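J.: Those protein sequences? They're chains A and B, same order as listed.
Going by the numbering used here, the letters in the first sequence line up with residues 89 to 405, in that order.
Going by the numbering used here, the letters in the second sequence line up with residues -9 to 315, in that order.
Simulated from the structure, these hints should not be mistaken for lab results.
These figures come from a predicted structure and were not determined experimentally.
Each residue gets a CB set at the ideal place from its N, CA and C atoms; glycine is no exception.
Treat each hint with caution, since some may be false.
[Claimed, not checked] Listed next, the in silico BS3-like pairs over lysine-lysine satisfying Cα-Cα at most 25 Å (straight line):
#1 277(B) with 89(B)
#2 218(B) with 234(B)
#3 118(B) with 277(B)
#4 89(B) with 169(B)
#5 105(A) with 120(B)
#6 243(A) with 277(B)
[Claimed, not checked] Over 10 Å on every C-beta distance to chain A, these chain B residues come out as not near it, computed from the model:
#7 40
#8 67
#9 101
#10 136
#11 172
#12 271
#13 284
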Amino acid sequence: MRDSWLLFKRSLSDFWKTFRRNRMGLIGATLVISAVFVALFAPLLTPYAPALVIRDEAGRGLTYAPPTVHAPLGTDDAGHDVWSQLVYGARVSLMVGFLAGFIAMFVGSFFGILAGYFGGWVDTLLMRITDVLLVIPDLPLMLVLVATLRQMDLKISPLTVLILVIGLLYWTSTARLVRSQVLSIKERQFVARARAIGAGHVHIIRKHIIPQIMPLIVANTVLILSTAILIESGLAFLGLGDPTQPSWGTMLNFAFDRNAISNGAWWFYLPPGLAIVWVSLGCVLLGNVLEEMLNPRLNGHHLEGEAKIVEMRANHG
Amino acid sequence: MSRQDYLLRKFLLSLVTIFVVVIVNFLLFRILPGDPVRAVIGRNVRISAEVQQSLREQFGLDKPVFPDQFFSTMGQWATGNLGVSWSLRKPVAEILISKLWNTLLLIGLGQILSILLGIILGLLAGWKRKTSFDVGALTFSLVAWAMPTFWLGIILLAAGSSWLGLPTGGIVSPQNVGKPLYTVLPDLAAHLVLPTLTLTILYLGEYMLIMRSSILEVLSEDYILTAKAKGLTQWQVLWRHGLKNAMLPIVTMIALNLGFTVSGAIYIETVFSYDGLGKLFQTALTKQDYPLLQGAFLLLAVSVIVANMLADVLYTYLDPRVKAN
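Let the sequences and hints guide you as you build the complete structure.
T.: Below you can see the structure in the form of structure tokens.
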């Protein structure tokens, strides 16, 4: 146990040594972590409650007040503070994105391991399911599902419906990735040896397969997160969010429906979109870098050969 | 696997997928709470109990869901009868067809522009790997990918209407509504600029990235080294050996992107009040017009599935390696 902990610590510090030299990865991590901090410490960062109506001296609600009148980001059509909504919106957007992403990760890894390890009809069935899901246009399917599920009397909140529908539709890419990794790992020597000394399937999967594919699953999950956050914003923009818990997408839905554009209220429709780009870009940068580090692919091609050789010679002095 | 086998497999898979879509569509409609007779005549129409009962019998709603209702619904869908819209009080199929061309026009324009630009820019980016052009192209694709489609539309709408004076919505100006589109081409073009631009930016990044990684892969093949060793110039290598081989994944990606294209149309038509299937879908959603929503979903899903299959067929003709196998 102690040995594996030390090994883990060493590989983590090795990882950090490579990672900290990667500018893209650092930028991505900074974007994601800062957004998570904003969401966690929302009450400390906001001078007003998000649902509070800001009023002028005469007691009238300040609607569409520009940032020059009401700092820092003005007010919306109902006189709410945009900055506070933005900060609290981070909680909803990130929560939906993270939970949906984790569901997709668990379902995808589970089916991927099952298919890759056992093969046979399990594998065939799984691959056909992913084939089918891959071709059905996802947004229309999700819209129909969410709309129907919300109409039914299920006693679950609109956000839960969103999380479940996104999570249960976006596991296929993870499943395919995990499956292909498991296929190659299970042919390796150490798995054959473990089997030879009588290790069971569960033991082999837990002790030999999962530790090997974990890094790739982490990288893939970070990428899935950005998809989940983008999808959530889109569904919320189309009116399927929870109006009582507005996410960034819900804010944009309000801004669009209540004529923020024709009123020139850029402080209402720009910040939520920028926030979405901030987080999803962060996840993509981070996810790509992690994937590249853990899954090294081609590093060059034949038309840039000369430069490389010169460079190598120069480096060798 | 021979080509026939491959195509047969793709065909069967498409059939299975369409079957799944049809089943999902049928089931979702049945599990909705409330009286299904309302689904046919609209929610707010007042009718007597006897008329309701006779309608119920007429539509077979007094029979069990399976097999009677299932097969009669399948029969109706197969003959193009998708029910009647609650909000528009017209047959769903008729409404869908009237909006189909507008959407095809918008999607077609956006796709053609983005594919052409994507191939050229992606090729250059991959060839000039790690130059500032490449970094710029990569950054653009990344940001375009990370940006919500509808938000990009909102920004272009705000900027284009206030700075360039472009129309903010619709497919033609109010005074031209109802006229045949080819008689009001300048007006139509002005309305198409912003939505098409949004679509192009949205898809361009994706195609550029695919083309870039595809050309990178091709350029690291041994036959490129051979071509170079023969003494061909960089342009010759790139044109004769690189581009042709690198184009193949684009065909697959166009097919895989079709679903994504439909999503883009829903967002962009909503933002620009563009009178197509996407806007219709969004209207059906907000008005909870289930027959319309189900019909639109059926049409969009089946067309994407069929188009996907056609792209697979095309691919087998383009890639000589599939033939050889």
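J.: Indicate, hint by hint, whether the structure satisfies it.
T.: Here is what the structure says about each hint:
The straight-line distance between the Cα atoms of residue 277(B) and residue 89(B) is roughly 18 Å, inside the 25 Å bound, and the hint therefore holds. For the suggested pair residue 218(B) and residue 234(B), the alpha carbons sit about 16 Å apart, so the restraint of at most 25 Å is met. For the hint linking residue 118(B) to residue 277(B), the alpha-carbon distance of about 51 Å lies beyond 25 Å, and the restraint is violated. For the hint linking residue 89(B) to residue 169(B), the alpha-carbon distance of about 15 Å falls within 25 Å, and the restraint holds.
Between residue 105(A) and residue 120(B), the direct Cα distance comes to roughly 23 Å. Compliance with the 25 Å bound is thereby established for this hinted pair. Restraint check for residue 243(A) and residue 277(B): satisfied, since their Cα atoms lie roughly 22 Å apart, inside the 25 Å limit. Non-interface status of residue 40(B) relative to chain A is upheld: no Cβ of that chain comes within 10 Å, the nearest being about 28 Å off. Against the 10 Å criterion, residue 67(B) stays outside the reach of chain A, whose nearest CB is about 15 Å from its own CB.
A cut-off of 10 Å between C-beta atoms confirms that residue 101(B) is not in contact with chain A; the least separation is 15 Å. Under the 10 Å C-beta cut-off, the non-interface status given to residue 136(B) relative to chain A is violated; the minimum distance is some 4 Å. Distance check for residue 172(B) against chain A: the nearest CB is about 30 Å away, which clears 10 Å, and the non-interface claim stands. Chain A draws residue 271(B) into its interface by the beta-carbon criterion, the shortest separation being 7 Å against a cut-off of 10 Å.
With a closest Cβ-Cβ approach of about 7 Å to chain A, residue 284(B) is found to fall inside the 10 Å limit, against its non-interface label.
Hints 3, 10, 12, 13, counting from the list given before, are not met by this structure.
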